[in-house]
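Peer 1: Take these sequences, add in the hints, and give me the full structure.
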Amino acid sequence: MFLSDLRKRTLANLPYTIIAAITSVLAIVTAIVYVIGYNDSKYMSWLAFALLLVGAVLFFAAYCFSVTQKYAPMILWGFCLVALFAFISDVYMYLTEVFYNGKLSAENFSNLSSVFVCCLILFLLCAILSNVCMWMCKEKANAKEEIADER
Amino acid sequence: MNVKFLKTLSKILINVFAVLFCLVIVGSSIANEWEGMVNSFLGINPTEVKEKENAEDVDTEYYKSNYSTIADLMEAGKEICAAIEEEGAVLLKNENSALPLAEGSRNVSLFGAASVRPVYSGSGSGSMDANSAATYKSAFEFAGININTALYNWYSNSKYNVKYNSGVGVWSKINEAPYSELPASAKSENDYGDAAIYIVARTGGENIDLSLTTKTGNMFNSGNDFKNGNYLTLNNNEIGVLKALKTLKDNGVYDKIIVILNTANQVEANFINDEEYGVDAAMWIGDVGTSGLNGVAKLLSGEVNPSGKLSETFWNEHRFNPVHANFGRYSFSSGQMATGNSVNNNYVVYQEGIYVGYRYVETRYYDVVTERENAGDFDYDEVVAYPFGYGLSYTTFSYSDYKVKEPAQGSSEFTIKVTITNTGDVDGKEVAQIYLQKPYTEYDIEHGVEKSAIELVGYAKTKVLKPNESQTLTIKVDKKYFASYDASEGGAYVVTPGDYYLAIGYNAHDALNNIIDDNGSFVYKTTESQLDKTTYSKTATNATVTNLFDNADLNRYSGSGGQKINYITRNNWQQTVKFGMDQANNYLGNNVVISKTEQMTKDMKIDKDGLVTTDDIEYPTYGAEKKFNLIDLRVDSNGEKIPYESEYWEQLLDQLTWEDTVELLRNGLRTTPAIQSINKPDTKDHNGPCGIVGGNSYKYGDIDNNYGLAIDNNDPDKNKSPICYPCNGIVAATFNDELVEAMGEMVGEDALWAGYNGLYGTGVNIRRTPYQGRAFEYYSEDALLSGYIGAYVCRGIQSKGCYVYNKHFVLNDQETNRNGICTWANEQTIRENYLRAFEIPVTLAGACNVMTAFNRLGVIWSGAHKGLCTDYLRGEIGMTGFAVTDWYDNNYMGLGCGILAGNDLPDGTRNASELNKYKEGYGELAWAMRESAHRILYTVVHSNAMNGWDSNTEIVVLTPWWKHALTAVQIAVGTVFGLSVLAYAALEVLPKFKKV
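Line by line, the protein sequences are chains Y and L.
Counting along the first sequence from 1, when you hit position 130 you're at 130 in the working numbering, and nothing is skipped either side.
Counting along the second sequence from 1, when you hit position 529 you're at 529 in the working numbering, and nothing is skipped either side.
Just so you know, these hints were derived from the structure itself, not from any lab.
Any given hint might turn out to be false.
Computed Cβ-Cβ distance ranges for the label pairs, DEER-style [stated by the list, open to error]:
hint: 1; chain 1: Y; residue 1: V117; chain 2: L; residue 2: K627; range: 57 to 65 Å
hint: 2; chain 1: Y; residue 1: V117; chain 2: L; residue 2: D59; range: 55 to 63 Å
hint: 3; chain 1: L; residue 1: A150; chain 2: Y; residue 2: V117; range: 37 to 45 Å
Once the Cα atoms are required to be at most 35 Å apart in a straight line, the calculated DSBU-like pairs of lysine-lysine come out as [as the list claims (entries may be wrong)]:
hint: 4; chain 1: Y; residue 1: K70; chain 2: L; residue 2: K7
hint: 5; chain 1: L; residue 1: K11; chain 2: Y; residue 2: K8
hint: 6; chain 1: Y; residue 1: K8; chain 2: L; residue 2: K463
hint: 7; chain 1: Y; residue 1: K70; chain 2: L; residue 2: K11
hint: 8; chain 1: L; residue 1: K4; chain 2: Y; residue 2: K70
hint: 9; chain 1: Y; residue 1: K8; chain 2: L; residue 2: K7
hint: 10; chain 1: L; residue 1: K463; chain 2: L; residue 2: K479
Note that the Cβ used here is the ideal one computed from N, Cα and C, for glycine as well.
Peer 2: The following block contains the structure:
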């Protein structure tokens, strides 16, 4: 019963489900890449790491139940967004080291570590995609409500 | 409006304001953390200074400038900068009288991309505004040397004219033009054939060491153009051009080849004497600063005669330097090349002990020549291109009447006199260098004490001597240098029985040969008959000398888990000397391997807050009735300095509240904050080892406060950048105390004009290897020379009321993994090779402050090392000022434990809660905090920060406008965000209520 309901709800908004699933997996991947790249580093934010994992888990949990399903992307977005800023809050000192002379020169950019660039892109992707999910989910939900209202 | 529209609107608002809210929260937190910098950037002075009504008009300009305008100041600075280069540049080779360029033979061609992009300074804290600096073209033409402009223009317009940070950044490539691409006009007979001058340039800087091999390369491993990964050897294009120039010389196109080494990081010098390249003359000019090239031009034209002496050994090839077996990335886990940037897992071992630079090559040479057992194979001429202290002149000098007078009763100083005569045809200056040889005895072998066969103990420089003119120099040498540190049995400075030699020589090698040859004219022998462990058991401050660094020596550290370091010993060179790279620059992996023990892991935690424990000690008095303003404790009614130990200071410190103390000790980001209760002004510090410099952005008029003369006088040149001086290796190579003091005074003048009260500098770390990124900041491979030159520079700077933070205290001799790196060295090495450079500026020049280093001694962060920051710094050498951390790293540095150990301030701004948690139950820390406040206040009151202050001056601390603005924005954004959420929730819920 639960599974068939879940299946029905999933099929009802497949594109959203796919992107949401990718995003939540991406959040986990980001957390793993981040911890590998920055473990034991002065720029490691364990808060950001935890938020990504908790966000992904809560998303899956909320998605499973029809009552909470529509809040699932909101949760994911919230956690991803705060994680992004937690990451920034701890890593910005690194940027002050790379751009120590205050110049946004090509030479300074070339000194950015690939780990930093990779993590930044992943964090940004998580925040953006989770936001997109929220809108996709809501639009579908709104459409259903509107149809119901019209009826 | 329908519900759908309102829902969409509220959703958009939620999205936008959620992001904004996060941004504002994080941004505010960062801005508050960097309060001082933000204020500085916005030109805000967070304090207002007021004079009481009817105050008497008294002269409160305690430190006066000798200049009335920035134009005059800069002119004088440029002259000193050029003078440093004139006296510091070292003439390495001069065959066939290639130099100076004779009148009528001054049409030259400049080769090398660096001819159009000179290396002025290092990057990071030493970077400077190169826009107004002298160029090779401008300097040479002014000195009457005509350059091949077609060739110069070709380089200028070529792709090889890549300017990194206006010519001062670290180069990711050598980027030299290959010979094949050079214009044809330079390859055939032309009007500029009097000399081909080839400029070899390298640069270095903060945060990155230079690459030794493809494996150890820490910089730009991919895509570089170094030969076999070695940044400090000629690359193929450079070799190609030099060889081609030799052919052109042989064909009569060029009369001679002159090489200029425009680098603070010594390039392997074997090519200079290799016949394949046909180099006639070579000169080391280092990084030249703003106007150093003007000095270089004068040297080449012969207007000035070179008198610089090498401040480090010039190696033929760096593979011969055993330091490189232990320089780079080593992690506890693997013992090999680490990849991460961990603050807890990296180490470096000073396995070479005291045998750095000339101490290694000369001692080994001595042991080979004197056929000491286990000396091994060592070919001095193969290893050393030019010895420490070496430098040619266009004239010749003779030494005579070398006399040494034993210390008089009650004194510990030998008085040495020597007469130096100019025996050549042109004016010139000469340096008298005095070296000491101590006996290496059975006692030393038994107790693990090492002795260099020769060590610099004194020097002096003549005035300009005309041909046949003589000058008798007097040099004082402290007998304390006869003692060596013996870490066994608790530790003591020990003079062992045997023969001691005080020798003079043209350089370290020459002095040693005088001893070997028993040349009585230049060597004085004195004999100690018995073992003396007591004479130097106490310092001038009456502190008893004992081991302070057992925890930095793995062989003495209780948590070593039985691991040992096999230090290099002259008792067995053969077995203990290891090298880092082979002839083909392959990394040999001969480093010391250390595993992290449980005890090490445990001891590392001391860095954070492990040292701070609760106790029952009563807290000091806070908030006592006001008796003094800070300015009242500057001098007494007789104009005498109120001593540090005065009771008045206790009374002033009683006036401080807990909150005042916390405020004072948590804000150290190039500042100390204003304290209203005692009317202490805020102060500003600058970061720079070569002057008040820091890239193009640093201008005289940047600091908009009450103290900078540039702003106060509204000088028309306030938007110009202060002078950058040549790299400190060249400063040291002048061997001229007076000149470097004058340079220091000019830096102090710049500080007065720019509004700075303190300077993060000078760099008195030791040039352990030329691959150190920050070699340009450090004076020498020798601690005594570093200490003396540093002391005189320091004295000059502080004469203008700008307190100096000598840095980086201590053993911060590599950039790789500098954050938290565990540095292992034995106590003799730490004291004799590294701490001596910090000691002399304090004891000779009253250097105020130090900056503690990123690294750890053993596993204890230097700022939390009580033996270093309290027992040594305050106890043994008597520094009264304060210690600031290097760039504060919260991952392993701790505010409380730093203060308890004697590190007074963070180079950062920390939250007050980090100290407020100790408000009760931590009496020992509270007293340490009071002492830190004492040191800071004592230093500030004797600085130029008090210019303009008297007893009638008051301050009002203001909250800057941006803080109010940020609070308002937080409230506004938070409110809109909250309202949007509420609106959305209401729109979600209300329709359902309606339905019900």
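Peer 1: Decide if the proposed pair is consistent with the structure: K463 of chain L and K479 of chain L, CA atoms, cutoff 35 Å inclusive.
Peer 2: holds, 27 Å
Peer 1: For K8 of chain Y and K7 of chain L, compute the direct alpha-carbon distance and say whether it is at most 35 Å.
Peer 2: Cα-Cα ~26 Å, so holds.
Peer 1: Straight-line Cα separation of K4 of chain L and K70 of chain Y no greater than 35 Å?
Peer 2: holds, 17 Å
Peer 1: Could one say that the CB atoms of A150 of chain L and V117 of chain Y fall in the range 37 to 45 Å?
Peer 2: holds, 44 Å
Peer 1: Does the structure keep K70 of chain Y and K11 of chain L at a Cα separation of 35 Å or less?
Peer 2: holds, 14 Å
Peer 1: Within a Cα-Cα threshold of 35 Å, do K8 of chain Y and K463 of chain L meet the stated pairing?
Peer 2: Roughly 97 Å separates the two Cα atoms, so the pair is violated.
Peer 1: With respect to the beta-carbon atoms only, verify the hint that V117 of chain Y and K627 of chain L lie 57 to 65 Å apart.
Peer 2: holds, 58 Å
Peer 1: For the pair we were handed, K11 of chain L and K8 of chain Y, check the Cα-Cα distance against 35 Å.
Peer 2: holds, 27 Å
Peer 1: Does K70 of chain Y pair with K7 of chain L here, judged by a C-alpha cut-off of 35 Å?
Peer 2: holds, 15 Å
Peer 1: Just to be sure I understand the hint, the distance between the Cβ atoms of V117 of chain Y and D59 of chain L should be within 55 to 63 Å; is that true here?
Peer 2: holds, 58 Å
The structure shown violates just one earlier hint, number 6.
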